[in-house]
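Sequential numbering from 1 applies to the sequence shown in the numbering used here.
Take the hints with a grain of salt, since some may be wrong.
List of simulated lysine-lysine pairs, DSS-like, C-alpha gap at most 27 angstroms [what the hints assert, rightly or not]: (1) Lys173 - Lys41; (2) Lys264 - Lys60; (3) Lys146 - Lys132.
In case anyone wonders, no lab produced these hints; they're calculated from the structure.
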Amino acid sequence: MQKLALLAVFITFCGLAQAEEFEISPLSIGETIRFPSKILKEERRLNIYLPASYHKNQDKTYPVIYLLDGSVEEDFLHIAGLMQFGAFSWINMLPESILVGVENVDRKRDFTYASQDTRDRKEFPTSGGSGKFIASLKKEILPAIKQNYRVNGESTLIGQSLGGLLATEILIKHTSLFDNYIIISPSLWWDRESLLQSIPADCCGAGTIYVGVGKEGEVMERLARNLYQKLDPESSTETVHFGYFDQLNHGDTLHLAVYDAFNKLFSDRENQE
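Given only the sequences and the hints, what does the whole structure look like? Please build it.
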């Protein structure tokens, strides 16, 4: 008897389902820019997330967060979600911002400078192209965003792993290119730790800097802490911040570290407004 009753319910449900007309359409959270890079001599893609108010308030301008490893298959969706959540009025952790995810073509090429270490060159045969990639950021990508979107002039760069190595290189050599830097699990072991050793005493005049690392082994943790200490010799917590996540590793530190970075870099500013 019970089986008959369940069968009747099932048949009724199927009948209703067949009677309904469902409209299915794509779900979009952003847009993509494709452009031929004259510097890199290849097509490049930028994925753009716009805050909810962007099309409603035509007079408002927005800060921009640039994300390395910024394809949909990499970190774009994760960071866009954090930005949307953090900008909710009841959270008020960071201002509504535009996200620009810079898609990769060859991250081992673009995120590394030339290494004098034989093992580096053997394991990363295409390496050494960071100079051209930084030039593309400066002369092609940043101007394209400024030209096509309503930006307020404040910019933040997020880089993790090899992306963290590149973000550190930009911070040291091209400090003014971005206002804020979020550097997670940076691969500062590259080229026998030479980049870490080249930080000048007066580095760096960026707005705010965040360095984060998980439980990633002695080398990664030591280098991340050394970077923080070199950037913040006075042990001030006003402009340079550090986060250590002993429950996470190299593969999953990014999400919580960026959340912590948003909280430390922007939260106090938002609460004062």
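For each hint, the structure was consulted:
no., hint, in the structure
1, Lys173 - Lys41, "24 angstroms, holds"
2, Lys264 - Lys60, "24 angstroms, holds"
3, Lys146 - Lys132, "20 angstroms, holds"
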